[in-house]
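Construct the complete structure from the given sequences, taking the supplied hints into account.
In terms of this note's numbering, the sequence shown opens at residue 1 and continues consecutively.
Just so you know, these hints were derived from the structure itself, not from any lab. You can take every hint at face value.
For each label pair, taking beta carbons as the anchor points, the in silico distance ranges come out as:
(1) Lys-125 to His-67: 17 to 23 angstroms
(2) Lys-39 to Phe-121: 23 to 29 angstroms
(3) Tyr-77 to Lys-19: 43 to 49 angstroms
Below, computed lysine-lysine pairings styled on DSS-like, alpha-carbon distance capped at 25 angstroms:
(4) Lys-125 to Lys-39
(5) Lys-35 to Lys-125
(6) Lys-24 to Lys-51
(7) Lys-117 to Lys-106
(8) Lys-65 to Lys-50
(9) Lys-24 to Lys-65
(10) Lys-39 to Lys-51
(11) Lys-39 to Lys-65
Computed from a prediction, not measured in an experiment: that's the story for all the values here. Idealized CB from N, CA, C, for every residue including glycine.
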Amino acid sequence: MDKKNIKKVDWSKYNKNNKIVPLKFNQDELAVLDKLYVKSNEEYLGTFIKKCIFFGDNDYKEFEKKHIELEQSYKTYIDNLRRIGVNINQISMKLNHINFINDEEKELLFQSLEELKKEIFDYRKRSKLQ
Numbered sequence: 001m002d003k004k005n006i007k008k009v010d011w012s013k014y015n016k017n018n019k020i021v022p023l024k025f026n027q028d029e030l031a032v033l034d035k036l037y038v039k040s041n042e043e044y045l046g047t048f049i050k051k052c053i054f055f056g057d058n059d060y061k062e063f064e065k066k067h068i069e070l071e072q073s074y075k076t077y078i079d080n081l082r083r084i085g086v087n088i089n090q091i092s093m094k095l096n097h098i099n100f101i102n103d104e105e106k107e108l109l110f111q112s113l114e115e116l117k118k119e120i121f122d123y124r125k126r127s128k129l130q
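So this is what it looks like as structure tokens:
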């Protein structure tokens, strides 16, 4: 379609009392907005945003606080997990180097590590940010 033939509509006569204000959100902000909007059971997104702006909806502040706390605890969890992994690697290298551990004990160690791995994945599933 040729742009020259497109009829421009003057929206000002339709929106004399209302002004349109464009908003930009990044992906994270949009995800938070969407979750809060769904949680609010508000019929229209515009109404929800207006309530948040004019009435200072506390749900957002609580959600943001919980989100930050979960993010910090998750980072601490990952850091501790890395430290444990480094320690396990150091121990296994020393035990291998001095031939201190036999095959049966190695098998038990691998089984224990597999159980630990399953627990870690279960924990990650339960603690994902929602």
